[in-house]
Amino acid sequence: MSAVPVPVIAQAPSESWPLPDRGVVGMFAVIVAESTIFLIFVVAYVYNIGRSVSGPTPREVLDLPIFNSICLLSSSFTIWLAERALKKGAMRTFIGWWALTAALGAIFLVGTGLEWHKLIYKDGLTISTNLFGTTFYSLVGLHASHVIVGLVMLSLVLAFALAGKVGQEHRQRIEVLGLYWHFVDMVWVVVFTVVYIIGR
Amino acid sequence: MADSTLPIDGPVGGTIGVPHEVEDVPTWGERLHEWVTTVDHKKLGLMYIGYGLLFLLVGGIEALLIRLQLFFPNNHFISSVVFNRLFTMHGTTMVFMVGMTIIIGFANYLVPLMIGARDMAFPRLNAFSFWMTALGGLFLYYSFIGGVGLQGAGSAPDFTWWGYAPLTERAFSRGHTADYWALALIVQGFGTIGAAVNIIATTFSMRCKGMTLFRMPLLVWLNLVVAGMILTTISPLTAAQIMLTIDRYLGGHFFDSQAGGSPLLWFHFFWIFGHPEVYVLVLPAFAIANEVIPTFSRKAIFGYPAMVAASVGIGFISVSVWAHHMFTVGMKPASNAFFVLSTELVGVPTAIKIFNWIATMWGGRIRFTTSMLFATAFVAQFLLAGLTGIMLSVAPWNWQLHGTYFVVAHFHYVLVGAIVFCIFSGLYYWYPKMTGKLLDERLGKWHFWLFLIGFHMTFDLMHIPGLLGMPRWIYTYQPGHGWEIWNQLVGVGAVFQAVAMLVFVYNLVHSYLKGTDAGPDPWDAWTLEWFTPSPPPAYNFATEPVVRSRRPLWDIKHPEDPDWKYE
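Each protein sequence line maps, in turn, to chains A and B.
All the letters of the first sequence, read from the start, carry residue numbers 1 to 200 under my numbering.
All the letters of the second sequence, read from the start, carry residue numbers 1 to 567 under my numbering.
Okay, chain A solo, but in the shape it has when bound (with noise of 0.2 Å):
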């Protein structure tokens, strides 16, 4: 029975041990479980194409929101440029940019609502109109909130970038964050495929 005074199991090997940031790796496994919803609302939406026993159709109504999407797909490509300021600690360019990006989703979410209050009281296209009512407000709605909860996020670092509070320090968080906005854009890019050209 010798004695082992520290608690170190044998000796520590010299060498780094690096490890995956926990930000990345958890950001990435709620994207995986978030696509897996996405994914069942999609199937949802494409097993039910045509099955609406009564109108409004999606061809009757739907219009293809081509400046909404480019302003959601272009602030990926802002928030990047944002990510890279901070980077380099150009803060004045990072809140720039980080502003574009908030306001590009903003304008999305604008976009939608307009399309929403067309289709309600001009179309009379509610969720429980029919299935294609149905179907369509919860996926573009299910995205939608994804905006939301982005925009709230993004604001709240543009508030706190604004006072000055955010520095390099917060790199990682911040692309955390932007792991995020790339998901959420890029399931934009699948709704708009399966609502506006595969289901119209």
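Simulated from the structure, these hints should not be mistaken for laboratory data.
Watch out, some of these pointers could steer you wrong.
Claimed, not checked - Covered by chain A, according to a simulated footprint, are these stretches of chain B (three or more residues, beta-carbon under 8 Å):
#1 92-102
#2 204-217
#3 259-271
Glycine included, every Cβ here is placed at the ideal spot set by N, Cα and C.
Given chain A, put chain B in place with the hints provided.
Same frame as chain A, now just chain B:
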């Protein structure tokens, strides 16, 4: 056994150099506050396990009432309406509130300790996950009180635990029972997904120095696989429940066939959750056996890489077998063939595991503690459960037996014979670490043998009325079908199990108050959690351990012949 076998003087694992001051004994209020606000993975793990055990008793009582009603033909002890509620609540409770909570509790408690970390990657998310789970249980059982709703029909969900549409739609489930049921599973699902995210981030990002992925204990590996599966398994259920809620509250038509919707879609969504869910529950049970069997066989686990590969393999195959729950729905021959073959394919990795456990025991110096007894029984019973699984995977056989008690017997063989046995094995094994006291072995043996006899009486014999054509879900039956004697024997077996549970609960309390001190390492085991005092301090390890092999404690105890020379 109670003494430490570690060649270390003084506190094991070291304590941080703050001298222990004489503390005031905390009041009950302070203790409650501490447990409610804790973010410590060990406390949360214990709360998960405790919450699960509580619901195990609740679900068990529901099962006893079911057996009591079926004891005699033409019995009217329980009405058909209440009977439907009982089996629905029994199923939902046992899967979500017992199985999921206890296995996540074990993962929570053990994963950080086994990889030499001080806590999970996201401690506050961990607390959030637990409280969401707790809320889910409350929602589920609240429907007994608040589920009536304005229409005054039903006071608990009564549409089976898979809630096939359109039974759950407004037209057939009036009142709010289906709402509470859906809400409970959504809320608990968020908790479970949070826990899975946490386990994945912990295993990838919190390992101590030298703990490479292929030096992790198998328990950690299997829980990593399970966490990955949870991400793709629970999410479909959450999505489907959201759709159901849209149907019920916003007048949607997802599962409303009159508006073109499809109840069949619910079947698919539910089982694409429901079948991987079986592996989500059973892999953590394997994980426990993977730790218990080597320790009590005094041998390193046989075929570590094969075990890892088999677990990952099960994870992938399990997402392609869901429709074997739906043969009786009537699918195309090609779909039937696909799901028959994919289901039988799962038999390969699981058989690899069974061979590895037997090979681990083979030639070992086996110590039959209560924990090892449960693990040994598990191996045998899981084999049998797998065999009836292969029988049911054959579509024509399945058509014949799907709606009968044969299926009930099969899946209870998996859920009780494998999962519950492993949970007991794990509790006897880690209770000393969690509380610092050994569970009483004499009471443990009583618990084991009573439970074993009860289990086999109930679930071996339950296959027979199934083969004789007794349907599931019936609340009573006519005499003269030859079912009476089997139902009575099954009922007697249930009583044995209930008595065993009482012995177990008594043992838990008795040993906590009057048990022998366990010491840090009562089983002479090899993984890092035994390197801490029992119970471990909040920070787990005073200094971060460094490991060089799969059995770090073996290396300490046997410096002349360490494992790392051979790996």
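Okay, the hints, checked on the actual structure:
For the stretch 92-102 of chain B, the assignment as covered by chain A is violated, since 0 residues bring a beta-carbon within under 8 Å of that chain's beta-carbons and 3 are needed. Counting residues of the stretch 204-217 of chain B whose C-beta lies closer than 8 Å to any C-beta of chain A gives 6; at least three are required, and the coverage claim holds. Requiring three or more residues with a Cβ within less than 8 Å of a Cβ of chain A, the coverage given for the stretch 259-271 of chain B holds, as 6 such residues are present.
In the structure shown, a violation is registered for the earlier hint numbered 1 alone.
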